[in-house]
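Q: Residue numbers (my numbering), protein chains in the order written: chain A, 1 to 337; chain B, 1 to 337; chain C, 1 to 337; chain D, 1 to 337.
I should point out that these hints are in silico values taken from the structure, not numbers from a laboratory. Accuracy of the hints is not assured; some may be wrong.
Selected chain B positions facing chain C (in silico; Cβ < 7 Å) [what the hints assert, rightly or not]:
{"#": "1", "residue": "PRO41"}
{"#": "2", "residue": "ARG42"}
{"#": "3", "residue": "ALA44"}
{"#": "4", "residue": "HIS45"}
{"#": "5", "residue": "ARG271"}
{"#": "6", "residue": "HIS283"}
Here are the simulated DSBU-like pairs of lysine-lysine, each with C-alpha atoms no more than 35 Å apart in a straight line [said to hold, decoys possible]:
{"#": "7", "chain 1": "B", "residue 1": "LYS163", "chain 2": "C", "residue 2": "LYS47"}
{"#": "8", "chain 1": "B", "residue 1": "LYS53", "chain 2": "D", "residue 2": "LYS163"}
{"#": "9", "chain 1": "C", "residue 1": "LYS163", "chain 2": "D", "residue 2": "LYS184"}
{"#": "10", "chain 1": "A", "residue 1": "LYS47", "chain 2": "D", "residue 2": "LYS163"}
{"#": "11", "chain 1": "A", "residue 1": "LYS184", "chain 2": "C", "residue 2": "LYS205"}
{"#": "12", "chain 1": "D", "residue 1": "LYS163", "chain 2": "D", "residue 2": "LYS298"}
Idealized CB from N, CA, C, for every residue including glycine.
There are 4 protein chains.
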Amino acid sequence: MGASGYTGEELVRILLAHPNVDLVAATSRQLAGKLLADVFPRLAHDKKATSLKFSDWDAKQIGREANIVFLALPHGLASEFAKPLLSAGARVLDLSADFRIKSADVYRDFYGHEHPAPDLLGRSVYGLPEIYRDQIRDAQLVACPGCYPTSILIPLRPLVRRKAIDRSTILVASMSGVSGAGRKVEADYLFSECNESVRPYGVPKHRHLSEIEQELLILADEKVVIQFTPHLVPVNRGIISTIYTTIASNVVNIDPAVIFNGAYGEEPFVRLLGENRLPDTKHVVGTNFIDVAWRIDKRTHRLVLMSAIDNIVKGASGQAVQCMNLMLGLPETAGLI
Amino acid sequence: MGASGYTGEELVRILLAHPNVDLVAATSRQLAGKLLADVFPRLAHDKKATSLKFSDWDAKQIGREANIVFLALPHGLASEFAKPLLSAGARVLDLSADFRIKSADVYRDFYGHEHPAPDLLGRSVYGLPEIYRDQIRDAQLVACPGCYPTSILIPLRPLVRRKAIDRSTILVASMSGVSGAGRKVEADYLFSECNESVRPYGVPKHRHLSEIEQELLILADEKVVIQFTPHLVPVNRGIISTIYTTIASNVVNIDPAVIFNGAYGEEPFVRLLGENRLPDTKHVVGTNFIDVAWRIDKRTHRLVLMSAIDNIVKGASGQAVQCMNLMLGLPETAGLI
Amino acid sequence: MGASGYTGEELVRILLAHPNVDLVAATSRQLAGKLLADVFPRLAHDKKATSLKFSDWDAKQIGREANIVFLALPHGLASEFAKPLLSAGARVLDLSADFRIKSADVYRDFYGHEHPAPDLLGRSVYGLPEIYRDQIRDAQLVACPGCYPTSILIPLRPLVRRKAIDRSTILVASMSGVSGAGRKVEADYLFSECNESVRPYGVPKHRHLSEIEQELLILADEKVVIQFTPHLVPVNRGIISTIYTTIASNVVNIDPAVIFNGAYGEEPFVRLLGENRLPDTKHVVGTNFIDVAWRIDKRTHRLVLMSAIDNIVKGASGQAVQCMNLMLGLPETAGLI
Amino acid sequence: MGASGYTGEELVRILLAHPNVDLVAATSRQLAGKLLADVFPRLAHDKKATSLKFSDWDAKQIGREANIVFLALPHGLASEFAKPLLSAGARVLDLSADFRIKSADVYRDFYGHEHPAPDLLGRSVYGLPEIYRDQIRDAQLVACPGCYPTSILIPLRPLVRRKAIDRSTILVASMSGVSGAGRKVEADYLFSECNESVRPYGVPKHRHLSEIEQELLILADEKVVIQFTPHLVPVNRGIISTIYTTIASNVVNIDPAVIFNGAYGEEPFVRLLGENRLPDTKHVVGTNFIDVAWRIDKRTHRLVLMSAIDNIVKGASGQAVQCMNLMLGLPETAGLI
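Given these sequences and hints, build the entire structure.
A: Below you can see the structure in the form of structure tokens.
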């Protein structure tokens, strides 16, 4: 539902090619009646795309037709649609921020208005398979993480869990491609405004902070406050997150390679670059991988983590399909490699 | 001397248009005999560029012909040329790293070989007018700062000098356009490798750290060790530096606006964006300005500074001309606005 | 008037730095009351920009205050404003298409509606100094050419005038940067839609055809119908026009170098690249130059012309200022080199 | 063989994911001994890529191990390798220009030196499945077409064959991404030289002309001389070819839709955009499709054709795999959709 944006388009692309999925509907009020193939010319060769039209079905109808529903709707609208879908028995993967924050108070603080469906907050599972794989399998409602949180939480998780780093020192500088802003028709995202431009934004309190800190608190079992600065850079897709942490004072020897291999050695979508290579968005764009590297800086006693993802794939639609695979008992990589 | 690279080309461009300068020579072994206008088609309309040819004059000859000599040569080579030039009475502005580091030991540590002219180190002045204006006026040898140091030292200086921030907490994430790598013909800088790519590099010990820490030590009167990560982003020109600092624990009230206005209110090339605007490389590219913004993050007690410069202008050739203006007693902005 | 778009912004930039101009007003309904320096951060250092605010003055008031008025308004609106300005005695340079077409019929055919001020059509001079220099000097109303026509008419003019080419064979493929679309907030011009995209548009009947063919008719003294295809390419600024012509059958020997040198050898903004070099937008961006090259293809008996301009400067605002210089009896290059 | 360039890398990527292929070797003198996964970080997750190393096997050894050999070697070198491979019984797909030209004289004229293996010229099949599908099935040696020829020949073929257009009027303006130059480490292809740059090159006699005209001659059964101008535009991948033709004077009614549907309605990789849509490289990049559109210009009696391909996929490696599928009796789209 809400298939007209960049994450919606990417979902359609992945689902059409997915060996175990039958796409029954793609909704968009604005595009209703148009063929998928006409709206997304990349898919013009696809049989289903040349026969399936965008619909303006409501949640009830979708709930009757589909077992799995992806919501690629604006924040706020998603939770409205989730209720009737869940009631109709559908399993829902929401790509908006609506169900990511467990606390209605934190939601209000960061999003500036009351949460529209606070009763559902407790039922949602945070859709980061590397952390919540088992819960996702059985979930009715999955809150798919934001792109920045994905790129930050995966590298931080094994270190925070083991208390290997001083949690008060976490600081993240991220660089994102412009598709991260969605298909918003605003002057700030015009080609001539973004091309040959690099700029910080959302300083100091970006909305994604709320879900990052929530998840770090769960991992650390203590409140964690981090510094986070996103920057807009002129690429279509891709996020680099460079994460600075101070090694905890009581940790004498730390071998990040051992920690990361232990945590992610078997993960299908985490690629550990280790100490010799550095991430580059061009190696992950179009894929569901997250590349993770690290360096210990002996001069500063800091451990620097660096990650790269495609913000639309591992940062949104690909990860949502990875969750769906888990929910349906399919191979986790189905349709994604 | 060494006018074939990006900083050399920019110097030629600025000097040809400078109202008080007569460009007598531009040297390049490789391009000797070619007209400036043929090598730099942007300058094809300029009278001087259509008559002046690249020469392969040696330092002695240049020293006889010119009062002011800019060295846009590779590190190591610059110091070789500086000696005879200074002996011949020329005043020298060196854009390489050769004379930036006062300590031959630090130089060896960061550059991996002995300094070629340690006796000259004491004579050079660090060419950052916002800090060393008076010394530059009388200097025989100016060591023009690196692009990253320029973008970092100017925002940090007033805070470090007043000890308003905890000097052990300084951390910098910078993003640079590809021209920062110079006109190096290496696979890493091919269009198809840089376009649609964002990547950290030089982690954790970039060479520019040495001059940044040297200058911070002088400002703070104490050793300062900082964290610094450069990233390569697909723009031709421009650097964003996002600088994180923790406000010193003994500082109760801090008003960065007052501090920055006090320090830079009269500076011709420092534009203070204050707390409402954020820097964007596109507003400084092609100019000698540095735009500086700041935000206090109450959640983390950090002061975040952000700056934007053109790495080839304020980060190299423009700043060198600004220094030259000071040395010659010209208006500081001559040829630059 | 209408200073909020890309051509308006560029006009403001050029006029603020122009040695003979005093900018008395910049109008924009939408931005009225805001400082120029706040809207255009590139100009934040400029004294006038930090004191002059956008106004919503009407044409009458502008006509009283200004001797010269630039209209950077949407097509249709410009002619509405021109009347009272001219009545008030101001001299007007219009950057819209309103006064470019001499024939109200052709205007209707290409623009789809009646011309709003047909009585003024006869009074306007086409603002291409390389063709209409003398008429521009005395003009009250100058219709500044479109960017594509500028890039096409200058190379074609000396050949068409001499009937050196078969006028039925003219065919143009142009490539334009995205700023050519103006600051239009439309999905087609979002960064993620233009970056990594190359596309033809406006096929087969682009509006600029009307003024190109009108001017060719005047030059050839015969009706000329040309083929013209514009393409959008992911650069901010710049147009390449590659123009194909068949050498007229009665022309035995043709030496384009002689023809072009004869026509443009003294032109301050035409740079002839001749037969050894090819144009590149990067050499003209930010300047008022047009670079022109040519090749005779012996295999096909065609003469291929290639030109490069900055669509916002020589293709719009720079050329308008060049016209203004002529109108005011200033050096033609004042404020432009 | 020669897997280190962009076409080689793309071949490796496609072949590793191809359901019917077992990649036994990838050769590169320079990279011998390195894991594919280390050289191509995009493939770091692939099992084969993490175990297979680049080898420096000679043609003989490859001929023994492989049934199918792709040559992604520089022009000239490819024909040297082809001989022993063919002798050893391997079937060869050559991506260089070595076997595209049937005439050793034309080869000498365009490539400037004698053909190194003229005896093999007669044995090669031009690897454009849309024209030579049947011959490719049985070929021992396939000469894969250049990227420009692919983008030009497919749209022209049905019109030339039917003599629907005047063959003396064909004129092509193409725009290519920078990967078309290969992984050549030359200053011209540095990021800072290509970004924000648009430029024609290879005017007037580009090498690809030879194979385009050869194939048009075969289709038309008459000599065809065309005009062709390539332009370099700042995208990684993609070619737009805009092709101008005059409708033959004896053709009264022409319906391109009928012609194109007749010719390509069943083609798996030709997508006909018809008269309502225009091609855009972003819709084909990463795919083996060619998108084709057309417009009749009633003002000029010309038929304008426009095509878009990914120069590395349909223009090189994807098309080579399409040919391999035919040679092996596999579904033509295997590994490609």
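Q: Now look at each hint and say whether the structure bears it out.
A: Each hint tested on the structure:
no.	hint	result
1	PRO41	holds (4 Å)
2	ARG42	holds (5 Å)
3	ALA44	holds (5 Å)
4	HIS45	holds (6 Å)
5	ARG271	holds (5 Å)
6	HIS283	holds (4 Å)
7	LYS163(B) with LYS47(C)	holds (33 Å)
8	LYS53(B) with LYS163(D)	violated (55 Å)
9	LYS163(C) with LYS184(D)	violated (44 Å)
10	LYS47(A) with LYS163(D)	holds (33 Å)
11	LYS184(A) with LYS205(C)	holds (30 Å)
12	LYS163(D) with LYS298(D)	holds (19 Å)
Hint violations for this structure: numbers 8, 9, all remaining hints satisfied.
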